[in-house]
Amino acid sequence: MYHELVLDIVYHVGVLLLILIALLFVFLFLHRLWSIYRDRRMKQINAIWSQHMVDAIGGTVPKVPKIRRRDILTVLFLWNRFQETLIGESRDRLNELARNSGINHSARQLLMNGRLSQRLLAISTLGHMRDRDVWDRLTPFVVSSHTTLSVAAARALVQINAEAAITLVLDQISSRDDWPPRKTATILQEAGADTISKPLVRTILDAPNPIKGRLLPYVEFIHQADASTVLRQLAQQTNDPGVLSVCLRVMQDPVHLSLVRSHVRHPESHVRKEVAAALGRMGSKQDVKRLVGLLSDEAWYVRYEAAKALTTLPFVDKPYLKRIQRSVAPRRAKKVLQHVIAEHGLS
Amino acid sequence: MSLVHLILTLEWGILLYFICLNGCYLTLSIISLLAIVRHKSTRVLDELSHRFNGYDPPISILVPAYNEEALIATSVNSLLQLNYGEYEVIVINDGSKDGTLDVLKREFSLTPFPEVYPKVLKTKPIKAVYRSTTHPALKVVDKENGGSKADSINAGINCAYHPLFCCMDADSVLHRDSLRRAVQPFLEDPTTVAAGGSLRISNGCTVSGGFIVRSGLPKNILALFQVNEYLRAFLAGRVGWSTFNSLLIISGGFGLFHRETVVEAGGYRNDSLGEDMELVIRLHRYCRKTHQPYRIAFVPDPMCWTEAPERLDVLRKQRIRWQRGLSECIAWNKDLLFCKKAGPIGWTALPFMAIFEWLSPLVELSGYFFFVIFCALGMVSVKGLLAFLLLSIGFGVLLSMLSLFLEELAYPIYTKPKHTVILFLAAIAENMGYRQLNSYWRLIGIVRWARKSKEHWGEMKREASWITAG
Chain A
1 MYHELVLDIV
11 YHVGVLLLIL
21 IALLFVFLFL
31 HRLWSIYRDR
41 RMKQINAIWS
51 QHMVDAIGGT
61 VPKVPKIRRR
71 DILTVLFLWN
81 RFQETLIGES
91 RDRLNELARN
101 SGINHSARQL
111 LMNGRLSQRL
121 LAISTLGHMR
131 DRDVWDRLTP
141 FVVSSHTTLS
151 VAAARALVQI
161 NAEAAITLVL
171 DQISSRDDWP
181 PRKTATILQE
191 AGADTISKPL
201 VRTILDAPNP
211 IKGRLLPYVE
221 FIHQADASTV
231 LRQLAQQTND
241 PGVLSVCLRV
251 MQDPVHLSLV
261 RSHVRHPESH
271 VRKEVAAALG
281 RMGSKQDVKR
291 LVGLLSDEAW
301 YVRYEAAKAL
311 TTLPFVDKPY
321 LKRIQRSVAP
331 RRAKKVLQHV
341 IAEHGLS
Chain B
1 MSLVHLILTL
11 EWGILLYFIC
21 LNGCYLTLSI
31 ISLLAIVRHK
41 STRVLDELSH
51 RFNGYDPPIS
61 ILVPAYNEEA
71 LIATSVNSLL
81 QLNYGEYEVI
91 VINDGSKDGT
101 LDVLKREFSL
111 TPFPEVYPKV
121 LKTKPIKAVY
131 RSTTHPALKV
141 VDKENGGSKA
151 DSINAGINCA
161 YHPLFCCMDA
171 DSVLHRDSLR
181 RAVQPFLEDP
191 TTVAAGGSLR
201 ISNGCTVSGG
211 FIVRSGLPKN
221 ILALFQVNEY
231 LRAFLAGRVG
241 WSTFNSLLII
251 SGGFGLFHRE
261 TVVEAGGYRN
271 DSLGEDMELV
281 IRLHRYCRKT
291 HQPYRIAFVP
301 DPMCWTEAPE
311 RLDVLRKQRI
321 RWQRGLSECI
331 AWNKDLLFCK
341 KAGPIGWTAL
351 PFMAIFEWLS
361 PLVELSGYFF
371 FVIFCALGMV
381 SVKGLLAFLL
391 LSIGFGVLLS
401 MLSLFLEELA
411 YPIYTKPKHT
421 VILFLAAIAE
431 NMGYRQLNSY
441 WRLIGIVRWA
451 RKSKEHWGEM
461 KREASWITAG
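Chains as they are written, first to last, in this note's numbering: chain A, 1 to 347; chain B, 1 to 470.
Be a bit skeptical, because a hint or two may be false.
[Said to hold, decoys possible] PhoX-like, lysine-lysine: derived pairs with alpha carbons at most 20 Å apart:
no., chain 1, residue 1, chain 2, residue 2
1, A, Lys-334, A, Lys-289
2, B, Lys-416, A, Lys-335
3, A, Lys-335, B, Lys-119
4, B, Lys-119, A, Lys-334
5, B, Lys-127, A, Lys-43
Since the hints were made in silico from the structure, they are not lab data. Note that the coordinates shown come from a computational prediction; the quantities given were computed from them, not determined experimentally.
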């Protein structure tokens with residue numbers, strides 16, 4: 001009796017499964033048909049609107065058709081794609097096209113009511129359009145725990161008004177570690193050196209060590225004088241080898257040479273590696289000796305970096321390198337030099 | 001205990017196992033569904049454009065090659081054309097007996113190079129290192145045969161200069177954007193130590209210039225069944241596990257690793273038949289032991305196409321080897337099972353692997369065996385027979401359909417309606433013989449592992465069963 005009941009249940013579950021499978025198959029099949037139709041439609045829309053956008057960039061004001069609701073995302077995507085590849089006036093012309101065709105209104109609606117992907121596309125659009133009216137709506141997104149949303153909103157705010165946005169953006173960069181460095185770099189680069197130099201220097205100097213290390217690479221986007229000041233100050237003061245390493249990695253100005261040289265015998269091998277690389281970038285003739293010394297370093301990557309640095313110094317040519325190779329005693333120094341000389345020959 | 005009691009206990013045991021197994025798979029599918037929807041939504045802006053800057057970490061692509069003279073030139077050529085900022089390609093010729101090295105020398109103008117590299121991992125001796133005079137990003141390491149893919153990759157890791165390395169097979173066909181997609185987890189989360197990508201079957205696809213230009217389904221029935229298997233394994237399985245940082249396998253066909261962490265963890269293990277899974281579990285173990293925050297991620301986008309065996313004997317060898325590899329990994333890491341310090345992998349993924357992936361051939365085949373016996377003894381009613389078949393086939397097909405659904409959501413590559421129909425029919429047909437055969441092979445794998453019989457890493461015969469365009 002009990003056994004029969006179990007069998008009954010199993011049997012009915014099996015039948016239910018069959019129905020579920022049939023429904024899933026029908027759904028998948030119809031979805032596939034719909035996807036084919038959608039892709040075809042997207043191709044048509046892309047072809048039409050690409051032409052309008054090319055015309056707009058070329059300076060003519062095209063007469064654009066009304067965008068149907070179902071096509072708005074396709075057009076928005078295409079428009080953003082154009083924006084990402086353009087610079088200067090062309091972007092303004094695309095913005096004009098967007099205003100004429102009502103793209104900005106659609107983007108605002110999507111910002112309010114869209115799904116995540118639609119909202120992201122809307123944020124990007126409104127940022128490119130430098131739409132000041134959405135400033136207050138975008139600000140809460142910057143502090144959102146959703147990384148992509150937060151980064152997108154920060155970029156949009158910087159595009160709209162970099163000076164007003166930079167404090168909020170730098171606060172986020174220093175207080176959270178989830179922003180991908182490459183996207184952060186894009187935002188700071190777009191904000192421009194004039195806007196970010198002073199606030200970034202201030203933020204770096206005020207930040208604790210681990211955060212300093214995270215922020216330092218971005219000094220490449222600020223004015224060289226500001227970068228030099230902050231790098232010198234930090235490299236002189238810090239006891240943290242991590243921070244020192246990053247400072248050395250981003251130093252480009254020969255004014256730092258004496259500071260770089262002072263760390264040539266640093267106990268941490270990763271610091272010595274950065275010293276070798278820095279000497280390769282900015283070194284003078286008197287640094288050849290230091291680099292030759294590093295060729296015998298116990299750490300492989302310090303030796304390799306020192307050898308590479310020697311090849312990059314403008315006054316060290318191949319015969320000079322060969323002479324160094326003959327004169328150095330340790331076998332590992334000779335070998336690493338032979339390696340980079342060969343590498344140099346190939347390139 | 002009477003015979004009836006024994007039968008009932010067996011019936012209940014197998015039914016319970018079956019419910020738990022399919023329940024877990026269904027749960028994983030649902031988790032994967034949510035993860036894929038989220039992944040798709042957040043990726044929309046990345047698809048707009050991608051300008052490489054100094055913040056994209058350079059990558060070393062490691063290509064172990066053993067007797068690959070037929071395909072190696074095409075593979076390397078396509079690898080040299082990937083859409084990524086800074087990367088190098090390192091081919092490791094593992095003592096090939098054919099003309100692999102000669103082909104490489106000829107096609108890429110190789111010249112001996114006095115390479116100096118840190119010997120951080122132990123491998124068979126390296127005979128010579130070559131660099132290409134025409135392609136600066138190409139390096140060829142010629143070494144003595146180490147008898148395993150692990151030895152080749154370790155040699156490649158020694159010679160790799162970049163912070164990340166990508167491990168792949170010589171016959172794998174990559175997507176132009178594979179590296180760009182696979183590196184995303186490393187950019188988004190600096191604690192990422194490894195990232196796997198979705199593998200698809202190249203049989204039936206059209207290849208031109210080393211890239212897939214048109215996707216298609218294989219005509220060979222075995223390869224067709226494997227299309228569904230791969231979709232299930234990658235989309236329903238690995239996406240699901242990665243959402244709670246419990247991914248245990250990154251396929252040897254394509255994976256991106258943080259070099260320093262892999263070196264610190266000891267590199268690939270030479271004596272393992274499942275070296276890819278073994279390494280990933282060891283990375284979990286190492287990061288947990290050193291209290292290092294870490295993430296092992298999985299990107300659902302299709303990144304790499306691999307050739308599926310089309311012959312029964314080759315497929316049999318592959319499956320036996322996989323099951324032996326799985327057995328080794330579970331045995332070597334049994335201390336992590338239900339261990340507090342092992343975190344989520346000790347309580348979810350590893351027990352799942354042990355109970356459902358490793359033991360399932362034994363339970364499944366026992367189920368079939370007893371069922372046939374009971375039927376022969378007239379102890380099973382027609383209704384019972386129907387119920388058993390409905391449930392066993394039904395769940396199998398449902399899981400395949402769910403993975404098809406995930407594929408449709410994630411990144412559909414089988415875009416014709418007839419593909420949907422063919423894959424649906426294959427999902428039904430694979431339950432009528434193929435699945436049972438697979439279980440049988442896997443059981444052989446377990447037995448061979450238990451008997452410690454010798455097994456080699458082996459060499460898969462390449463059929464090049466894709467279609468070459470133009």
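Right, here's what the structure says about each hint:
For the given pair, Lys-334 of chain A sits about 15 Å from Lys-289 of chain A by alpha-carbon distance, which is consistent with the 20 Å threshold. Our distance criterion of 20 Å between C-alpha atoms is broken by Lys-416 of chain B and Lys-335 of chain A, whose separation comes to about 58 Å. Distance hint between Lys-335 of chain A and Lys-119 of chain B is fulfilled; the C-alpha atoms sit about 14 Å from each other, no more than 20 Å. Straight-line distance between C-alpha atoms of Lys-119 of chain B and Lys-334 of chain A comes to about 17 Å, which keeps the hinted pair within the 20 Å bound.
With a CA separation close to 54 Å, the supplied pair Lys-127 of chain B and Lys-43 of chain A exceeds the 20 Å bound.
Hint check: violations occur at hints 2, 5; the rest are consistent with the structure.
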